[in-house]
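Trainee: Sequence:
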Amino acid sequence: MNYLALLFLAVLALPSLALASHGKTTVRRFDSEEDVAVALAKYTANLSDKYIKEKGSFSVVLSGGTLIQTLRKLLEHEYNTTVNWSKWLIFWVDERVPIPQSSIFPITYNKSPAKVAVDYEVRLKTLVEDKIIPLSATGFPKFDLILLGIGPDGHIASLFPNRPQRYEKERWITFITDSPKPPPPRITFTFPVINSASDIAMVVTDKEEANAVAVALGHAVVSPTLPCAEVKAKNELTWFLDKEAASKLL
1 MNYLALLFLA VLALPSLALA SHGKTTVRRF DSEEDVAVAL AKYTANLSDK YIKEKGSFSV
61 VLSGGTLIQT LRKLLEHEYN TTVNWSKWLI FWVDERVPIP QSSIFPITYN KSPAKVAVDY
121 EVRLKTLVED KIIPLSATGF PKFDLILLGI GPDGHIASLF PNRPQRYEKE RWITFITDSP
181 KPPPPRITFT FPVINSASDI AMVVTDKEEA NAVAVALGHA VVSPTLPCAE VKAKNELTWF
241 LDKEAASKLL
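In terms of my numbering, the sequence shown is residues 1 to 250.
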């Protein structure tokens, strides 16, 4: 057997960990923020139905900022009475939205960001061990949907340009004490966890983020690239953009 044949067989024998592929990217453009909100509610409700039918629950990870306001349509009658909220498991991608309720898993405030990060990672690992959240082929928790916004500097969650946290490859949760955006101390999911999600929605409705959107979608180049350009989903990454956010796309 020649060398190439042996190499081919060796690749086939590798565990799925080495074959971590990602899905497609879809860009959806809308005339206004209101149109984005309508489409985002329908998208989220449809995924909720899909995952609840498939596995009995729907794990959702939220970020703060204007994204929460853009999700407002889910509270209207069309969805408020039809979405099976009791099957939702809600998590925060960083520390800014603490609403502790049943089936909601906030990041608990503590004066030590390092301790909070460790405690939250332990909590997630317990949920994986209890088979509430599945494990991805790459060994990280696999959430059904992560909803993200981006900043004008291209940060997502609390992963900022020119900060080492964006390059973390092993930990599930990390922390930052000198965030360029207040508050300085933050807790955040790492990229390996974010990119293990089945579906990710990137929601941008502001002209201030237009340059970062252009970089993320390959219409402009900066070096090093921005964190928002490194987001990938296992099934599908969907961008929801209003006219202003998409204004720098070619």
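To be clear, the hints were calculated from the coordinates, so they are not data collected in a lab.
The structure presented is a predicted model; accordingly, all values stated were derived computationally and were not measured.
Treat each hint with caution, since some may be false.
[Claimed, not checked] Okay, derived cross-link-like pairs now, DSBU-like style, lysine-lysine, Cα gap no bigger than 30 Å in a straight line: (1) Lys131 <-> Lys181; (2) Lys50 <-> Lys125; (3) Lys248 <-> Lys50.
[Said to hold, decoys possible] Computed beta-carbon distance windows for the label pairs: (4) Asp35 <-> Asn80: 14 to 24 Å; (5) Ser223 <-> Tyr79: 26 to 36 Å; (6) Glu129 <-> Thr66: 18 to 28 Å; (7) Pro164 <-> Asn80: 27 to 37 Å; (8) His219 <-> Lys131: 15 to 25 Å; (9) Gly139 <-> Lys55: 13 to 23 Å; (10) Gln69 <-> Arg29: 18 to 28 Å; (11) Val38 <-> Glu129: 30 to 40 Å; (12) Ser112 <-> Leu249: 10 to 20 Å; (13) Trp85 <-> His219: 29 to 39 Å; (14) Thr66 <-> Pro184: 14 to 24 Å; (15) Gly139 <-> Lys53: 34 to 44 Å; (16) Arg123 <-> Lys50: 39 to 49 Å; (17) Pro184 <-> Arg123: 19 to 29 Å.
The beta carbon of each residue, even a glycine, is placed where N, CA and C say it ideally should be.
Trainee: Against each hint, give a clear statement of whether it holds in the structure.
Mentor: We went through each hint and held it up to the structure:
1. Lys131 <-> Lys181: violated (35 Å)
2. Lys50 <-> Lys125: holds (25 Å)
3. Lys248 <-> Lys50: With a Cα-Cα distance of about 34 Å, the restraint between Lys248 and Lys50 is violated, given a limit of 30 Å.
4. Asp35 <-> Asn80: 14 to 24 Å: This hint holds: roughly 20 Å between Cβ atoms.
5. Ser223 <-> Tyr79: 26 to 36 Å: About 42 Å separates the Cβ atoms of Ser223 and Tyr79, which means 26 to 36 Å is violated.
6. Glu129 <-> Thr66: 18 to 28 Å: At 35 Å between Cβs, range violated.
7. Pro164 <-> Asn80: 27 to 37 Å: Roughly 42 Å apart at Cβ, these two residues miss the hinted range, so it is violated.
8. His219 <-> Lys131: 15 to 25 Å: violated (42 Å)
9. Gly139 <-> Lys55: 13 to 23 Å: Distance hint for Gly139, Lys55 holds at roughly 20 Å.
10. Gln69 <-> Arg29: 18 to 28 Å: Holds - the Cβ-Cβ distance for Gln69 and Arg29, about 20 Å, lies within 18 to 28 Å.
11. Val38 <-> Glu129: 30 to 40 Å: holds (39 Å)
12. Ser112 <-> Leu249: 10 to 20 Å: violated (42 Å)
13. Trp85 <-> His219: 29 to 39 Å: For Trp85 and His219 the Cβ distance comes to about 38 Å; the hint holds.
14. Thr66 <-> Pro184: 14 to 24 Å: Hint holds: Cβ distance 21 Å, inside 14 to 24 Å.
15. Gly139 <-> Lys53: 34 to 44 Å: Given a distance of about 27 Å, which is not inside 34 to 44 Å, the answer is violated.
16. Arg123 <-> Lys50: 39 to 49 Å: With a Cβ separation near 26 Å, Arg123 and Lys50 fall outside 39 to 49 Å, so the hint is violated.
17. Pro184 <-> Arg123: 19 to 29 Å: holds (24 Å)
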